[in-house]
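Chains as they are written, first to last, in numbering that gives the first Met the number 0: chain A, 0 to 291; chain B, 0 to 163; chain C, 0 to 753.
Fair warning: there could be bad hints in the mix.
Each pair of labels, with its calculated beta carbon distance range [unchecked claim]: (1) 738(C) - 78(B): 51 to 59 Å; (2) 146(A) - 33(C): 55 to 63 Å; (3) 89(A) - 37(B): 37 to 45 Å; (4) 158(C) - 129(B): 53 to 61 Å; (5) 262(A) - 89(C): 28 to 36 Å; (6) 533(C) - 89(B): 34 to 42 Å; (7) 69(C) - 37(B): 48 to 56 Å; (8) 380(C) - 287(A): 26 to 34 Å; (9) 179(A) - 89(B): 54 to 62 Å.
With a cut-off of at most 25 Å between alpha-carbon atoms, the simulated SDA-like pairs for lysine to any residue come out as follows [stated by the list, open to error]: (10) 46(A) - 583(C); (11) 148(C) - 583(C); (12) 159(A) - 119(C).
By construction, these hints were calculated from the structure, which means they are not laboratory data. Just so it is clear, CB atoms sit at the ideal spot from N, CA and C, and this is done for glycine as well.
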Amino acid sequence: MRARPSDYELVIPHTLPAVLSLLAQEPGVWLPIAGGTDVMVQYAAGKLDRRKLVSIWNLPELRRIDVFAAEIQIGAGCTYTDLSEHEVVNREFTLLSRAARWTGGIANQNRGTIGGNIVNASPAADSLPALLVYEAELLLVSARGERRVPYTEFHIDYRKTQIAPDELIRAICLKRRFPEYYAHARKVGARNAQAIAKVCLAALGRLADGVVEDIRLAMGSVAPVPLRLTGTERIVKGNRIDSWLVQLARTTATAEVQPIDDIRSSARYRAAVAGNLVAEYLEQLERCRNET
Amino acid sequence: MSESSQDARCEIAFTVNGQLATVRAYAMERLLDVLRHELGLTGTKEGCGEGECGSCSVLMDGSLVNSCLIPVLQASGANIVTIEGLASDGHLAVLQQTFLEYGGAQCGICTPGMILAAVHLLTKKPCPTLEEIREGLSGNLCRCTGYMQIIEAVAEAGRHGAAT
Amino acid sequence: MKNAPIVGTSVPRIEGRDKVTGLARYVDDMVLPGMLYGATVRSRIPRGKIKEFTFGPDIDWKAFVIVSPRDIPGKNCIALIEDDQPCLADGLVNHPEEPLLLLAHPDRHLLPKAVEAVSVEYDPMPAIFSMEESEKLSQVVWGADNTFKTYLIEKGEVDPVWENADYVVEGEYTTGAQEQLYIENNGMIASFDPQQGLTVWGSLQCPYYVHKALMKLCNLPENRVRVVQMETGGAFGGKEEYPSMIAGHAALLAMKSGRPVKIVYDRMEDMAATTKRHPSRTRHRTAIRRDGKILGGEIEFTIDGGAYETLSPVVLSRGAIHAGGPYYWPSVRIRAKAVATNTPPHGAFRGFGAPQSLFALERHMDHIAEVLGLSSVEIRRRNFLTPGQTTTTGQTVQEEIDLGKLLDRALEVSHYHTKKEKFAENQQERSKKGMGVAAFLHGAGFTGSGERYLGSLVGLEVCSDGSVRVLVSSTEFGQGTKTVLCQIAAEALGLRYEDVGIAQPDTREVPNSGPTVASRTVMVVGKLVQSAAVGIRQTLTASGKLGESYSSDEFRVACRAYVAEHGKFRSLARYEQPDDIVWDEEKYRGSAYAAFAWAVYVAEVTVDLVTYSVSVDDFVAIQEVGKVLHPVLAKGQIIGGVAQGVGFALYEKVIWENGRMQNGQMTNYIMPTSADLPDIRVFFEELNNVHGAFGAKGIGELPMDGPAPAIVNAIEDALHIAFDSIPLLPEDIFDALAKRAVPEIAPSSAQGQQ
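Make the full structure from the sequences, and use the hints.
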């Protein structure tokens, strides 16, 4: 433990307005901490430079899931466990609930939050590809008011997002329009549990008369930000899935991703596996058509 | 109305193993360190300091958490159970007994966290399959056992129908 | 005996209750009044001269205790085999993380910043990081030629075999460093009193190693140094040498400050600074007859010892002796050497050289099989040692071991043949399955004359309340030392298990029964406990207080009466080398070990061709280990060892940069979780061994030798690609497959194909 606790300040306002007021008073000074599964690791390593923290853990305004007719709003303070245990999330947004069950071990799932995952903006984050394919919208809130931002525009660069220093994510909005899609997610890590993704895929697809009517492919750990493979989607959409298309999709995906060599894996491995995951998905999509 | 640290320790109260505990601590002290050093509950261990090994696991308001990642101020008002809280009146909990019988504890350093993770699992899934046990304990690392005898111990405890 | 049998049953673990209730006390659980916390300033460069220390501003240095080499009362070394490893680098740095200065302060939170605030100016020198660089001698970083030790083992006439060989098969096999990753980091508390002397408490395997090192470092006589082992949260060899270093550091701070000092590492420091398994390179050249019989061969076995000698000669010895495996070599030349590099010294880790050389051999056997067109099974069967034959060191196999039968059992239980055929016919496009075998042996106890030099001493003490205590320096760190030794004592004394206790290893209380290493505790120390028990019974019988047969209560009464009359008494037993164990240290020939355990392991794997990851779907471990004294403990040892072997093969990679481990966190150094291991199916065969307690042989390290080659053999079966280097990661499998697909194009072009 390499940090000195007395160097830090932590406050717990008990309401969202109180938190926002503090952030507005001193923007960029107070670092929000929810479950702490990212912040506390940095802290213990002696690498947390921000000295003032404001707790947003368990704020009722943030830790809730509201189900409407056309969309659900997942509070940013929901933990991965909250997500994986919610009936509608499980049934209609299975990519998200699956990712929630992959993130760390159970103890970390009980504390890590979806909002924290988004703001931390690691390209390896497990939940973020799912949000890309579901085309989530983020509700950002501050003392100045609220705004909706398409999630696809939220990440600007490596660990840089659109969020302003006085803002929090209040909720993640997901439109309830994916019941007929074939959803598939796969995470490739160094081991079967508690692994940071080397590559992960979230995919949604829909066939009509054997033709790919819609396809959404998003990946983590293959670029500075979570990536929608729009190029690969373009060459797949409107076509029938046969071995030629699968192979073309594989090589397109491999070329489209921009992974790096790092302590966990190599760029060429990630690129190849990215292609393989896409190919595997298309084959499954075709198989499920044949089974219905 | 908020609790704050202000370069001084503050009074933080929570329940541990059924008893009210009040400590004076900096808000950002880790719950793990407060349990071990302020309250003398050294059964909870530090193995990695990064939330990977699970040796520091405790139950907080019924949820399994890694206490090395929790600022103590966030535990204010919480109901915490550590390994010391499992046995009652000197009688071992069923899981503690099956761990002994099946060889679930070798060096013992992962054992407190592992047992609490098993308690948590059995609370959610009273009769888990071997696969569910494997998955339920996958956030707790053990270097000695290769896990099998731990899994057997948890399965047996499940058959006995008791998490604690 | 009226009591139920104790040896051979799974009695409750002696300290088990404390472990499951959180009452077991590890070093970081203990606090002494007035205690300071200590930390270590370490080198950031791999090699160079230290020019100057600068103590940065913003730190109240007067409030710190600072220890430098000048404060060392005795010799600035961590005494082991050689005295070459300094306790604190004195002028010269030879590896990253080398300790330079020590700091202590009452507030443990102030230490990390203080350590960061010490800046060091160096004159860097060129450093070397691989065995090959070390051999080239472009830099001499240790001794005259970078070589810690060499061994030459020769049997028969090697040079003529090449002419008569039908095949000559060559291969080179490498293994990487492996971190022991005990879940409890290294830690020590030291306290010094000018009258009483020095006491240290800590996480350790070998109290008397620490004792010896502290005497020399602190210039204290034997009776003014006391070492106490606390509950130890895993060790696996990683706490054999290193505790002497951290104890020395705590001791120096305690002596300078006059206060107790605790040093406990966090995970990052422990991983970066302490010992790891020696990386190895083995080259085989083998002469084979058409029918698969080994005619002879040359084996070159090289290990990387890091910057200082520590135990490298002993690791080298064991690796060299095991390099020929469980096979008959009519002639062989084994050249072994341990070389120096500028990395933190490597050290003991379960298996101690044998996992390295046996990986090479068992891969090589499959390689030979392939060249000859024989099966992996047949090549082994035809070369197995049989009773009466001699090993590579010329040791005659005395016991009635039937390795062919062991092999058959392993194949049967694993459904090896059925599965292998099924896999060959039904390989899927996206996943390939394979089966692999490994056969091996592991010698228990110290090599050759080692046990004789140790001269282990064991005591059994009768206390005034009539209870009996085992007195050994052998430590418990999960493997069941306390439990098994009490079982042995109880059975040998004709008592109940609960009548016997065991003293916590404390050099003031217990004799030196040798280090807790080399799979010797049950076999060697246990046997001495048995002998000491005989001494107790003889004494009591001779005093007239006890008959030839008695109940536990009668025994207790007799003891109480004896102690009341004569005072507390102990029966001591000292190791004597059996006459049939003869070893020539010069020629490195003869009976290397009192006993071998034998094993055949079978792995079933699936290689996923989407992700290139390997899963071990089934694992069978069959071993002959003499008598199994405690079934649950024995099974636990095998399963735990196999799990570490799986890690060694597939997951655990140390990423080095300029001699420093880069992935020193649990997030990035990958050990298997419960979700990564299959059911590991364990079977024991039991042949009685005369030398061990109740016929037992050592088993602690055996399971480390087999999994890696069995798994890599299975991967070759699945993919028809030979991998000769571990750890074998998905990235490596991908690179090999990519190369096979497009051999003339390097793997890195996989990206630019569109």
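Q | Numbers of the earlier hints that this structure fails to satisfy, in rising order | A | 7, 8, 10 and 12
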